[in-house]
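All chains should be modelled from the sequences, with the hints used to inform the complete structure.
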Amino acid sequence: MNEDVVLALVFMVIVLPIVLGIGADIYKRRLAFRERELELLSKQTAEKAAQYAAQAERLEQRVRVLERIATENNTDLALQIENLRDVKVN
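The sequence shown finishes on residue 90 if you use this note's numbering, and the numbering steps up by one all the way, no holes.
Calculated from the structure, these hints are not laboratory results.
Straight line, CA to CA, 20 Å or less: simulated SDA-like cross-link-like pairs of lysine to any residue: (1) LYS48 x LEU59; (2) LYS43 x ALA54; (3) LYS48 x LEU38; (4) LYS48 x ARG58; (5) LYS28 x ILE18.
Set out below in structure tokens:
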């Protein structure tokens with residue numbers, strides 16, 4: 001066997017598996033990191049969606065009150081409108 005064949009065999013038997021193993025480990029860590037990143041992003045998105053839903057519900061309640069006030073023939077309409085101004089929207 002000449003020297004080039006021996007070096008090629010050593011490379012294929014020793015060096016190549018080590019390099020591939022390290023590369024596979026780096027790839028697994030990158031995948032785990034990306035998975036964790038996406039998990040956190042989905043939690044943030046879910047929290048924002050819940051906040052928007054709660055805000056929409058509060059606004060719908062205010063619209064219902066305004067509709068009721070507009071359709072009622074009530075003498076204390078001004079008092080009810082002033083009470084609505086005192087209620088915090090957010």
